[in-house]
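Asks: Protein sequence lines correspond, in order, to chains A and B.
Residue numbers are given in my numbering: position 18 of the first sequence equals residue 339, and the series is strictly consecutive.
Residue numbers are given in my numbering: position 27 of the second sequence equals residue 14, and the series is strictly consecutive.
Everything labelled a hint here was simulated from the structure, so no lab data went into it.
Built from N, CA and C at the ideal position, the CB exists for glycine as well.
Possibly wrong hints are sitting among the right ones.
To give an idea of the chain A side of the interface with chain B (calculated C-beta under 10 Å), a few residues [said to hold, decoys possible]:
1) V432
2) E448
3) F449
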Amino acid sequence: TMAVCVAVIGKENSPLYVWVGSGREELHLHYLAHTGLDVIQEKVAAVNKTPGDTRELYLGLLYASEEYKVFGYTTNTRIKFVIITDAANTTLRDNEIRMMFRRLHNMYTNVVCNPFYIPGEQITSREFDQGVGALVAGN
Amino acid sequence: MSRQSMRANDPKKVSGELFTLTYGSLVAQLLKDYENVDDVNRQLERMGYNIGMRLIEDFLARANPGRCYDLRDTADKIQQAFKLYLGVSPSIGSWSPGGDEFSVVLETNPMAEFVELPDHCLGLRYSNILAGVIRGACEMVQLEVMAWFIADQLKGDNVTEIRVKFVKRLEDAIPAGED
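So that you can see chain A by itself, here it is in the shape it has in the complex:
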């Protein structure tokens, strides 16, 4: 699989969606995703200070531990996506991670366009579930 954890975190920093690969330590990965938020906050603050029109949404590697690498992406509406991969997975290129975030962003946008979804709520969309499944399977 391409990732062991995919998370969508709302603007108040509450988790809107967390997927963890089967057999993985769920609590630990939740924790890692959450600590990633601090790094995201730092990066976003730094980006805000540099002049320029376009702000990069992809934040790259937030940090790495022995077991995992944590990547982040933020939107202009303060929604954050976190993807965690095995540290041992060296075949995943930066470009591919960027693509995954782009797809995740598009999927999130589709969820928000559902008139019955209230932004800030937990995401329970079946379409989104399927999308994440395809994403982590590398499809």
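We have chain A; now place chain B onto it with these hints.
Replies: Leaving out everything else, chain B in the frame of chain A:
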């Protein structure tokens, strides 16, 4: 409708996404106001009726369709209208043996893009406005029909299907407006 595709847009056209979001927010608001799925279904149909009775004028002016001699002609025109206004090409089929009933079958429903019905609204006929549009439009050309949804992809069906049934010709009667 790909978000990434760039289309050369006629400046007078509204984007499909804006339309879908507008309709979605309308349905969500109706649900909040009425709280009862049957009332919402009814309101949507009524709104559709009011749209249809006006839209038919635009259709007649724009497409200048010929006179309909039988229900099959009518079905053709309805098919044309879906193409013109929604950009979809439904198929017409499932004619009743008496030739007084048919189905308008949609493989995609642009009004319901991105929509997922929550569990407490499974009785909602999300696109019921379309049934009303058909009824209202036909009434203005002296044709009384009934139109209702018999299948909806939002509910897991393979297609979205509207059934249209001929009731009677309206001779010289001025249809009463819906209140």
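Asks: Compare the structure with each hint and give your call.
Replies: For each hint, the structure was consulted:
1. Satisfaction of the interface hint for A/V432 is found here, the shortest Cβ-Cβ separation to chain B being roughly 8 Å, below the 10 Å cut-off.
2. Because the smallest distance between the Cβ of A/E448 and any Cβ of chain B comes to about 6 Å, under 10 Å, the interface hint for this residue holds.
3. With 10 Å as the threshold, the beta carbon of A/F449 comes within range of chain B, its nearest partner Cβ sitting at about 9 Å, so the hint holds.
Taken one by one, the earlier hints all hold for this structure without exception.
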